[in-house]
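Visitor: For the record, the sequence lines run as chains A, B and C. Residue numbers for the first sequence follow our numbering, beginning at 40 and rising by one. Residue numbers for the second sequence follow our numbering, beginning at 78 and rising by one. Residue numbers for the third sequence follow our numbering, beginning at 8 and rising by one.
Careful, some of the hints might be misleading.
[To be verified] Restraint-style ranges between C-beta atoms, simulated for each label pair: (1) B:N190 x A:A104: 19 to 25 Å; (2) A:R281 x C:V19: 34 to 40 Å; (3) B:T147 x A:T155: 27 to 33 Å; (4) A:V230 x C:S24: 53 to 59 Å; (5) C:S24 x A:W74: 19 to 25 Å; (6) B:N146 x A:P205: 27 to 33 Å; (7) B:D116 x A:R187: 52 to 58 Å; (8) C:I15 x A:E275: 49 to 55 Å; (9) B:N190 x A:T155: 15 to 21 Å; (10) A:L67 x C:S44: 36 to 42 Å; (11) A:C62 x B:D118: 32 to 38 Å.
[Said to hold, decoys possible] On the chain A side, residues computed to face chain B include the following (Cβ under 7 Å): (12) G154; (13) I171; (14) G175; (15) S222; (16) A224; (17) D233.
Everything labelled a hint here was simulated from the structure, so no lab data went into it. Backbone N, C-alpha and C fix where the C-beta goes; we use that ideal spot for every residue, glycine too.
Read off the chains here:
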Amino acid sequence: MTPTGAHATTGTPATRRLGLVVCVLLVLLVLSGLWWSAEDVVQGSTVRIMYVHVPSIWVAYMAFALTAVCSGAYLSRGTRSVAWDRVAGASAEIGVLFVAVSLVTGSLWGRLTWGTYWVWDARLTSTAFLFITYVGYLAVRRLGGTLRQRARRSAVLALLAVLEIPLVHFSVELWRSLHQEASVANPNAKVEMDGLMLFTLMLGLATFTALFVWLVLHRQRVILLEDTVADRGLDEAIASRRDEAGAR
Amino acid sequence: MLIVAVALVAGGVVVTKFLTSAIDYYCNVDEVGVRRGCDGDRRIRVQGIVRRDSLEKQDGSTVFTLEWNTKTLEVSYLGDPGGVFQECIPVVAHGRLVGEGFDSDRIEVKHTNEYVEKNETRFDQANNEAAACSVSQE
Amino acid sequence: MEHASFIIASYVLTFGSIAAYAAWVVRRGRGLARRASREEMPWT
Chain A
40 MTPTGAHATT
50 GTPATRRLGL
60 VVCVLLVLLV
70 LSGLWWSAED
80 VVQGSTVRIM
90 YVHVPSIWVA
100 YMAFALTAVC
110 SGAYLSRGTR
120 SVAWDRVAGA
130 SAEIGVLFVA
140 VSLVTGSLWG
150 RLTWGTYWVW
160 DARLTSTAFL
170 FITYVGYLAV
180 RRLGGTLRQR
190 ARRSAVLALL
200 AVLEIPLVHF
210 SVELWRSLHQ
220 EASVANPNAK
230 VEMDGLMLFT
240 LMLGLATFTA
250 LFVWLVLHRQ
260 RVILLEDTVA
270 DRGLDEAIAS
280 RRDEAGAR
Chain B
78 MLIVAVALVA
88 GGVVVTKFLT
98 SAIDYYCNVD
108 EVGVRRGCDG
118 DRRIRVQGIV
128 RRDSLEKQDG
138 STVFTLEWNT
148 KTLEVSYLGD
158 PGGVFQECIP
168 VVAHGRLVGE
178 GFDSDRIEVK
188 HTNEYVEKNE
198 TRFDQANNEA
208 AACSVSQE
Chain C
8 MEHASFIIAS
18 YVLTFGSIAA
28 YAAWVVRRGR
38 GLARRASREE
48 MPWT
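Extracted from the complex, chain A is given alone in its bound form (with noise of 0.2 Å):
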């Protein structure tokens, strides 16, 4: 076993590089936000929450596509590795941090435009309900067992939950919703927004897309070092119970 350096870390010359163009997209995006884009005839200044809070659900929905995506890898009969099922965790629990600044965001914007906090209407129920599940899933790949028992199960659960996606995008299509339609995503193909709005509001996109991956490619080589500390730990254990039985 070659040991490491006391500097050994989950980054890479790569992954620092990608860290600083984060950095500058956020700069940007906050400029953009607080201070470039104009305000909105009707909502005026609140309209600047749009641009964290748009980007956040947008890049949970990628995040928990791509938990799917890997689950599937997984499970299909030709990828049978565990590491899918480390980026799988990783995004998931990147995915559901990025829900809860959704959910927390919205409700303040809420405060503002609605009146209220929170409501109980299609859109925010259904998206409460698609923080619980990945809550769930997170839980799940927590119970216990071998790795290829965790990876199976919650590589199932993922494929399940990820259904949800559609369900809290076009909830505001299929139900009345006091929550507005989609102004970019939407079944007309229709922007309905103007031109320094909808570039922040891709800025914002782009930057968290980034800071995403950034976040997905740190947290599964931690997972994988946690996993390689857990088995090391487990063979220790096996092997002092053997040196003990042995000293009888």
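Since chain A is already given, all that's left is putting chains B and C on it; use the hints.
Guide: Chains B and C alone, transformed into the frame defined by chain A:
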């Protein structure tokens, strides 16, 4: 195991809320007393657009006319509705029918999915005002 | 800016929570990497 149990219970609560509240969150003004679930003898949520020039403040109450597909409903709300409440905007009023009017104790503003930049020129202001009142009634 | 407290709170909560999570991931990675060999870290 505990987190799985908590998630299951929370999921159950949310599904219950979905079935009892989220499906068809409101009745439109033209459905009050006509559509099933929009009966006048119980607490309902009514959606419509605040008619232009109908908004009045009377002794701490906000009175306005809700309109949807040519049908109208006079709404009375004690206090200031808050949010971005204004004329020509869709709102959901919670409350009960009292005579010909609607006595509301909660108003939620249902803003549209259109985002229009606020401009300084008078020409753009006129356009913005027109855009703010041209809400689709589908 | 109207409603500045709500708007700034949204940005602070968003970037604060993501930064806290990112810091936790990096620190946990460093802690575990010290206990692993180079062979166990294919990215090194």
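Visitor: Cβ-Cβ distance between V230 (chain A) and S24 (chain C): within 53 to 59 Å?
Guide: violated (29 Å)
Visitor: Can G175 (chain A) be said to touch chain B, with a Cβ gap under 7 Å?
Guide: holds (4 Å)
Visitor: Holds or violated: G154 (chain A) as interface residue toward chain B, Cβ cutoff 7 Å?
Guide: holds (3 Å)
Visitor: Given the hint of 19 to 25 Å, is the C-beta distance from S24 (chain C) to W74 (chain A) inside that range or not?
Guide: Holds, since S24 (chain C) and W74 (chain A) (Cβ atoms, about 23 Å apart) stay within the stated range.
Visitor: Can you tell me whether the CB distance of R281 (chain A) to V19 (chain C) sits inside 34 to 40 Å?
Guide: The hinted range 34 to 40 Å is violated for R281 (chain A) and V19 (chain C), with Cβ atoms some 54 Å apart.
Visitor: Lying within 32 to 38 Å: is that true of the beta-carbon distance C62 (chain A) to D118 (chain B)?
Guide: Roughly 60 Å apart at Cβ, these two residues miss the hinted range, so it is violated.
Visitor: Tell me if I171 (chain A) is really an interface residue toward chain B, meaning its C-beta lies closer than 7 Å to one of theirs.
Guide: Holds - the Cβ of I171 (chain A) comes within 7 Å of chain B, reaching about 5 Å at its closest.
Visitor: Could you check the hint for me, namely that T147 (chain B) and T155 (chain A) are 27 to 33 Å apart, CB to CB?
Guide: holds (29 Å)
Visitor: Can the suggested window of 49 to 55 Å be confirmed for the beta-carbon pair I15 (chain C) and E275 (chain A)?
Guide: holds (50 Å)
Visitor: Given a cut of 7 Å on the nearest C-beta pair, is the interface hint for A224 (chain A) held or broken against chain B?
Guide: violated (11 Å)
Visitor: The hint names S222 (chain A) as touching chain B; please verify it with the least Cβ-Cβ distance against 7 Å.
Guide: holds (4 Å)
Visitor: Per the hint of 15 to 21 Å, is the separation of the Cβ atoms of N190 (chain B) and T155 (chain A) within bounds?
Guide: Given a distance of about 19 Å, which is inside 15 to 21 Å, the answer is holds.
The structure fails hints 2, 4, 11 and 16 (numbered hints given earlier, in ascending order).
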